[in-house]
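Student: Here is what each chain is made of, one letter per residue.
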Amino acid sequence: MASDLVLDIPNDLASIEEAVDFVLERCSGCGDDQRSLRLNLRVGLSEALANAMLYGNGPDPSKRVKVEVAFQGSTITARVTDEGRGFDPRHLQDPTRPANILKAEGRGIFLMRKLLDEVYFNDRGNCVTLVLRLPPYRGDGGVGGGARA
Amino acid sequence: MGFQVEKVNDVLVVDVEGQLIVGNRQELKQKVLEELENGERKFVVDFEKTGYIDSSGLGVLVSLSKKVREQGGELRLANLNEDLKTLFELTKLDTLFHIADSREAALKGL
Numbered sequence: 240m241a242s243d244l245v246l247d248i249p250n251d252l253a254s255i256e257e258a259v260d261f262v263l264e265r266c267s268g269c270g271d272d273q274r275s276l277r278l279n280l281r282v283g284l285s286e287a288l289a290n291a292m293l294y295g296n297g298p299d300p301s302k303r304v305k306v307e308v309a310f311q312g313s314t315i316t317a318r319v320t321d322e323g324r325g326f327d328p329r330h331l332q333d334p335t336r337p338a339n340i341l342k343a344e345g346r347g348i349f350l351m352r353k354l355l356d357e358v359y360f361n362d363r364g365n366c367v368t369l370v371l372r373l374p375p376y377r378g379d380g381g382v383g384g385g386a387r388a
Numbered sequence: 054m055g056f057q058v059e060k061v062n063d064v065l066v067v068d069v070e071g072q073l074i075v076g077n078r079q080e081l082k083q084k085v086l087e088e089l090e091n092g093e094r095k096f097v098v099d100f101e102k103t104g105y106i107d108s109s110g111l112g113v114l115v116s117l118s119k120k121v122r123e124q125g126g127e128l129r130l131a132n133l134n135e136d137l138k139t140l141f142e143l144t145k146l147d148t149l150f151h152i153a154d155s156r157e158a159a160l161k162g163l
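Line order of the protein sequences matches chains A and B. Mapped onto our numbering, the consecutive letters of the first sequence carry residue numbers 240 to 388. Mapped onto our numbering, the consecutive letters of the second sequence carry residue numbers 54 to 163.
Errors might be hidden in some of the hints.
Derived, one-sided and incomplete: chain A residues facing chain B with beta-carbon distance under 10 angstroms [claimed, not checked]:
(1) 247
(2) 253
(3) 256
(4) 263
(5) 277
(6) 278
(7) 286
(8) 292
(9) 334
(10) 338
(11) 340
(12) 346
(13) 347
(14) 349
(15) 353
For the record, the hints were derived by calculation from the structure and aren't laboratory data. Even for Gly, the Cβ is constructed at its ideal location relative to N, Cα and C.
Using the sequences and the hints, build the whole thing.
Tutor: Dropping the structure here:
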């Protein structure tokens with residue numbers, strides 16, 4: 240993926256907000272659906288970063304997380320890579336099922352998949368790619384539709 | 054970012070200021086559990102000043118709701134903005150919680 244933006248951030252949950260804000264600021268020319276940026280991309284990217292740090296890298300302060308972002312018209316692609324062993328995303332449970340709804344964990348990837356147009360992992364499972372397609376810029380502040388909130 | 058606690062009649066109201074995320078969820082959990090141990094049974098978590106909740110924040114609310122209910126109490130939510138409401142709807146947590154449009158509405162009947 241040819242990236243317009245590459246961030247190398249420490250394995251520290253406190254760095255997530257600043258990293259996400261930095262990416263969102265650079266999305267201003269991507270389209271005028273501010274809600275999709277504010278909610279869909281913010282949540283999706285924040286969840287991916289939190290997972291990379293909590294479950295990918297674990298509590299190892301020497302590990303890093305790489306974020307690569309590409310802007311192609313009104314499509315934003317973000318790739319988050321950790322230095323962990325990876326995992327198998329095929330066996331994730333649906334947190335909305337009655338058996339799972341009372342569990343405290345398990346909603347991060349679910350939200351990513353609900354709010355973004357594409358979410359896919361590499362074979363190892365230590366890299367997730369997120370794709371958000373915004374409505375084309377209309378200049379009238381309108382909000383487009385699509386599979387988003 | 055922080056949590057402000059006040060008692061309104063016999064209800065403990067917790068204001069979440071800023072965000073409820075993986076980095077501060079333990080603080081909210083600790084505050085509510087301490088009050089539960091002190092005998093409080095009625096809780097309202099007010100999100101009027103909250104801009105963002107992540108999945109960990111949703112999870113701590115689920116966990117607290119369960120613990121409060123196990124002790125015969127109730128935990129309600131109030132003042133979710135449209136973005137926060139969307140997150141609750143997507144995860145179907147709007148079916149688990151009593152969600153009120155205002156603090157006053159949440160306090161009514163508690």
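Student: It remains to establish, for every hint, whether it holds in the given structure.
Tutor: Outcome of the hint check:
| no. | hint | result |
| --- | --- | --- |
| 1 | 247 | violated, 20 angstroms |
| 2 | 253 | holds, 6 angstroms |
| 3 | 256 | holds, 8 angstroms |
| 4 | 263 | violated, 12 angstroms |
| 5 | 277 | holds, 7 angstroms |
| 6 | 278 | holds, 5 angstroms |
| 7 | 286 | holds, 6 angstroms |
| 8 | 292 | holds, 9 angstroms |
| 9 | 334 | holds, 6 angstroms |
| 10 | 338 | violated, 13 angstroms |
| 11 | 340 | holds, 6 angstroms |
| 12 | 346 | holds, 4 angstroms |
| 13 | 347 | holds, 4 angstroms |
| 14 | 349 | holds, 7 angstroms |
| 15 | 353 | holds, 5 angstroms |
Hints 1, 4 and 10, counting from the list given before, are not met by this structure.
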